[in-house]
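Oh and the sequence shown: position 14 is 14 in the UniProt record's numbering, straight run, nothing missing.
Everything labelled a hint here was simulated from the structure, so no lab data went into it.
There could be a bad hint or two in this list.
Claimed, not checked - If you anchor each label on the Cβ, the simulated ranges turn out as follows: (1) S8 <-> E431: 31 to 41 Å; (2) E155 <-> T85: 43 to 53 Å; (3) L351 <-> E95: 32 to 42 Å.
Claimed, not checked - Below, in silico cross-link-like pairs of lysine-lysine (DSS-like), each with a Cα-Cα straight-line distance of 27 Å or less: (4) K15 <-> K188; (5) K445 <-> K280; (6) K448 <-> K15; (7) K280 <-> K414; (8) K448 <-> K433; (9) K280 <-> K433; (10) K414 <-> K433; (11) K445 <-> K433; (12) K234 <-> K188; (13) K187 <-> K15; (14) K234 <-> K187.
Think of the CB as a built atom: it goes at the ideal place given N, C-alpha and C, for glycine as much as any other residue.
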Amino acid sequence: MDPVEVTSPPSGILKVTLIQTRDVPFPTASYTPPGSGALRGPLPYAIVDFDKSQIISHARYPGLYEPPVWAGEEESSVHDMRSYTYCFDVTRQAELQIWLYQPAARGADVNTDVFLGKAVFRALLTETSEITREWLSLHNGVGAISIMAQFISAEPLTSMVSLEPFEVRSVSRKSLSSLANAVILRKKNTNLDYVSIVLRKDKHDSMALRPAATQIDNPFVVPLKFRIEVPPGKHYLLCAFLHRYDLSEYLESIECLELAEARFYAAQILCALDCLHDLKIVCDKLQPHNIYVDLTGYLVLGDFDLYIQNISSNRLPWPQPPFHDAETHAPNEIDKSDQQNVDGYLAPELLATKGDGHDVSPTADWWSFGVILHQMLTGCLPCNAANDADIPLSFLIPPNGIPLPQAAEDLLAKLLSRNPLQRLGANGSEEIKSHPFFDEIDWPKLLKTIFLDFDRLL
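Can you make the complete structure from the sequences, with help from the hints?
Quick look at the structure:
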């Protein structure tokens, strides 16, 4: 039998230029020229996503009576081509996704951007390619968008003598949310931002990258992008930085979500946990602070605990170690208020055993999932004191005064069972997906993120 050829993941840069659209029904007001008696509306824009690195690109007006374009035809100026060319770091096979939106017209009654469709570019990223031009059809929309693309291969970035390829950015603690012990690094040759932590061999010798960390491939989980060794004895872990905010900030700004909206976002969290559990990864500290809103409005789970483990106990010790700052290498203190926030979402069995090194069951994540769903539906946590296992659950009436539907109450009761063996999900995620509360979710379509049923979280 011939030996099986093992191919290494691709490595390099994908250069993409947005050109123009064809047959896309932009609202007339979006390109009405001056002198016609009408005002030009806001320009349409595209969100370009590759492996969770996302950018926003606004169209332009090429002439008085022409619809908006990006770079335009190939005879466009070099300046126009460069202005609409974007570079993405490639560390594995992934899809390029382009989402088109039309901002709400000035003075509109509803301040909601109109989704015009989503295009997907699939290329085999193996070796340096010639520049190609493609017309990509819009899913859940009309028309197509033209792009130019080229993959430039390069050696994998696994080690470097310094942080010279990156620029260390100054970011406030609030913008990092649960990643308060991390810093933001901007890769100079692609201008992309990454969240980074550094593990020092002399301080974190029991820490190791999870064997399955590089296998995480789910639209609702931030993938680990780089693992870079910098002498002496430092390992930088980098993942894409989402230029938005976390779910906790959104929940604090409203009373509660509508039932259908809560179901839609809960389904995304469920898909993320399902992927992680298949890889034998337990989140164990799931909370709104480590669930982020990306530029397209979908939720994405992002936490470095997903990528690293304590090799002596198969889990991170309690509490999480104070990782070192990438600039000063000074240890960061753990915020006690943050620790209390974590406790509010922890399963009772974790509160009773934290710090004793016991392995964590996936059922602990389903408790946290239930707490988050309860918060989305009611605006409140389900217990008056989450760290007191003797306090019974109280299902609160949402602020709008409308009681929760029976299916929602039944799901919450089964997710928030204090006995992990009786908790819904103890036999796998399928028993949660098949609950009547999620009857309206098309799971395959959700994983394709083809369209968004609700207004994007702005």
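Verification of the supplied hints:
1. For the pair S8 and E431, the supplied restraint of 31 to 41 Å holds, since their beta-carbon distance comes to about 38 Å.
2. Between E155 and T85 the C-beta distance comes to about 23 Å, which lies outside the given range of 43 to 53 Å.
3. Between L351 and E95 the beta carbons are some 40 Å apart, a value that agrees with the proposed interval 32 to 42 Å.
4. Taking the CA atoms of K15 and K188, the gap is near 14 Å; set against the 27 Å cutoff, the hint holds.
5. Our distance criterion of 27 Å between C-alpha atoms is met by K445 and K280, whose separation comes to about 25 Å.
6. With a C-alpha separation of about 23 Å, the suggested pair K448 and K15 falls inside the 27 Å cut-off, and the hint holds.
7. Restraint check for K280 and K414: the C-alpha separation of about 23 Å stays at or below 27 Å, so the hint holds.
8. This hinted pair checks out: K448 and K433 have alpha carbons roughly 17 Å apart, not beyond 27 Å.
9. About 19 Å separates the Cα atoms of K280 and K433, which keeps this hinted pair within 27 Å; it holds.
10. The hinted pair formed by K414 and K433 meets the criterion: a straight-line CA distance of about 13 Å does not exceed 27 Å.
11. For the given pair, K445 sits about 14 Å from K433 by alpha-carbon distance, which is consistent with the 27 Å threshold.
12. Of the supplied pair hints, the one linking K234 and K188 holds, its CA atoms being roughly 21 Å apart against a limit of 27 Å.
13. Proposed proximity of K187 and K15 is supported: the alpha carbons are some 15 Å apart, at most 27 Å.
14. For the hint pairing K234 with K187, the CA-to-CA distance comes to about 18 Å; that is within 27 Å, so the pair holds.
Hint check: a violation occurs at hint 2 only; the rest are consistent with the structure.
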